[in-house]
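Please take these sequences and the hints and turn them into a complete structure.
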Amino acid sequence: MIRLFDTARGEVRDLSLRTPGQVSMYVCGPTVDNLPHLGHGRFTLVWDVARRWFTFQGLNVHYVSNITDIDDKIIARANNEGRSDIDVVTQYEAEWWDAMALLGVKEPDDTPHATDYVADMVELISAFLERDVAYVTSDGVYFDVSTVPDYGLLAGQALDTLRAGERVEVNDEKRSPLDFALWKNAKPGEPRWPAPFGEGRPGWHTECVVMSLDLLGEGFDLHCGGLDLKFPHHENERAQAEAAQLPFARHWGHNGWVMVNGVKMSTSLNNFTSLTDLLARTDPRAYRLLVLRSHYRSPIEVTPSTIADAERALERIDTFARRFSLPVLGGEAFEIASVRAWEGEGLELYERVVTAMNDDLNTPLAMAQLFEAVSVANAAADEGREAPARRLAQCVNSLFGGMGLSLHGRNDVADEVSEALVAERDAARSARNWSEADRLREELVKRGWIVEDGPSGTLIRKP
RNA sequence: GGCGGCGUGGCCGAGUGGUUAGGCAGGGGCCUGCAAAGCCCCGUACUCCGGUUCGAAUCCGGACGCCGCCUCCA
Numbered sequence: 001m002i003r004l005f006d007t008a009r010g011e012v013r014d015l016s017l018r019t020p021g022q023v024s025m026y027v028c029g030p031t032v033d034n035l036p037h038l039g040h041g042r043f044t045l046v047w048d049v050a051r052r053w054f055t056f057q058g059l060n061v062h063y064v065s066n067i068t069d070i071d072d073k074i075i076a077r078a079n080n081e082g083r084s085d086i087d088v089v090t091q092y093e094a095e096w097w098d099a100m101a102l103l104g105v106k107e108p109d110d111t112p113h114a115t116d117y118v119a120d121m122v123e124l125i126s127a128f129l130e131r132d133v134a135y136v137t138s139d140g141v142y143f144d145v146s147t148v149p150d151y152g153l154l155a156g157q158a159l160d161t162l163r164a165g166e167r168v169e170v171n172d173e174k175r176s177p178l179d180f181a182l183w184k185n186a187k188p189g190e191p192r193w194p195a196p197f198g199e200g201r202p203g204w205h206t207e208c209v210v211m212s213l214d215l216l217g218e219g220f221d222l223h224c225g226g227l228d229l230k231f232p233h234h235e236n237e238r239a240q241a242e243a244a245q246l247p248f249a250r251h252w253g254h255n256g257w258v259m260v261n262g263v264k265m266s267t268s269l270n271n272f273t274s275l276t277d278l279l280a281r282t283d284p285r286a287y288r289l290l291v292l293r294s295h296y297r298s299p300i301e302v303t304p305s306t307i308a309d310a311e312r313a314l315e316r317i318d319t320f321a322r323r324f325s326l327p328v329l330g331g332e333a334f335e336i337a338s339v340r341a342w343e344g345e346g347l348e349l350y351e352r353v354v355t356a357m358n359d360d361l362n363t364p365l366a367m368a369q370l371f372e373a374v375s376v377a378n379a380a381a382d383e384g385r386e387a388p389a390r391r392l393a394q395c396v397n398s399l400f401g402g403m404g405l406s407l408h409g410r411n412d413v414a415d416e417v418s419e420a421l422v423a424e425r426d427a428a429r430s431a432r433n434w435s436e437a438d439r440l441r442e443e444l445v446k447r448g449w450i451v452e453d454g455p456s457g458t459l460i461r462k463p
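Position 225 (the first sequence) corresponds to 225 in my numbering; numbering is contiguous.
When the alpha-carbon atoms are kept at most 35 Å apart in a straight line, the in silico DSBU-like pairs for lysine-lysine are as follows: (1) 230 to 73; (2) 106 to 73; (3) 230 to 187; (4) 264 to 73; (5) 230 to 106; (6) 174 to 230; (7) 174 to 73; (8) 462 to 446; (9) 106 to 264; (10) 187 to 264; (11) 187 to 73; (12) 462 to 106; (13) 174 to 187; (14) 264 to 174; (15) 230 to 264.
DEER-style ranges, computed between Cβ atoms: (16) 197 to 19: 31 to 39 Å; (17) 73 to 138: 17 to 25 Å; (18) 175 to 308: 47 to 55 Å; (19) 383 to 316: 18 to 26 Å.
Note that these hints are calculated values from the structure, not bench results.
Backbone N, C-alpha and C define an ideal beta-carbon position, used for all residues, glycine too.
What follows is the structure, given as structure tokens:
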């Protein structure tokens, strides 16, 4: 049984599925107005790992994650840069998918775009107006949060205490500062869609509720996103579903954020590091490993030092994969790996990892167990017990794969000249001509190889 | 003001009552022509003060410190 923390209840509980064997999950995606930053990288990795793990456990996952392609920030950038909003969206959505591909984040089964759902949103907003849970002001349509009795459930606060901390409000036409925009009237030159209550564009909170219900249906299983979406975004989605009397998410999952020198990384603080930059200069798997080595609900620091730490840990398991000539898993192979026959030490490892993962995705504990198994297999091989070591190594590889981490086990193919140098060096070593062997090693290093002596002679690989 | 989270060894980071977390870095050793890799061993821990208990990082009370949400944000 998989257990997960449910924000709505404030506790870890069994993942109770609408349809046994099938998981429907919606992960709030990005607004494509800028390059993705490390925080985007984290949430996509966290929920990618969850998705892969569910799949690994034999569940059939329907994973939906949206692209918000209409938003104030998009319009602002377009205006500032003298471009069309479509131009901005096209560029940054492409950047988004490039980053996701590098990170090894599996593509969602569905990727709804907000602009494809405007008509549905208009319909929902009209219904809210008819039922008097929304009202029209001079700049748009607002949702009246006081009509939802348990508003504040996800925030863990009642309406009145939320209001107590309200900040300066600019729009005095709103009945409550907590009321949120369902629809924003278009100003001159802004993108617009027709609606009975005036041309304009939808509010952010309405997009996700419409798209998630359309693609996953009522009472879908899991709604996820960064902790900062808990309130007000997810609260407001939930409020709309309540108002529409549509059963909504059965579970709410929120991941912790990325910190910078102890302070949250965020768009508004402008203290973010672009994910695109990070991926250009480091092995993307290092970020996945860094994310896996801390609990998904904890904050993480992503610094040159923590990334370097993860890169060295990665070298350890890559070396391990090379030692046992483990196949490089990726794509479909990750899932195929899950159906292997688990037995002996591999089965014990599998069970420990499953226990950790099914307990609210305790990936750091799972990582610890896998690294432990790496040592065990290495030690066994050192003692000459090759076959059991190899079997355990294959289990380790499959389990890392179950979390989307592929080990790079292959030795690189050498060019003819390098092959010749390797052969010469082996000859020199056989002749115990150490100075010549050392000279040839230098030659190979100069050609960009890492040189190691294995049982069968010189091994070379690229860094 | 309300609500929530956190404080573990040089660094990162698990762990809800007794049993090895793990990684990275450091020291010693084995192996190796040397190197690399690997293996073995080692040290420095649980913010502080009380309490409960045979026994607490783990439970209770208090103090101090840090962070977040109540505004757009993954």
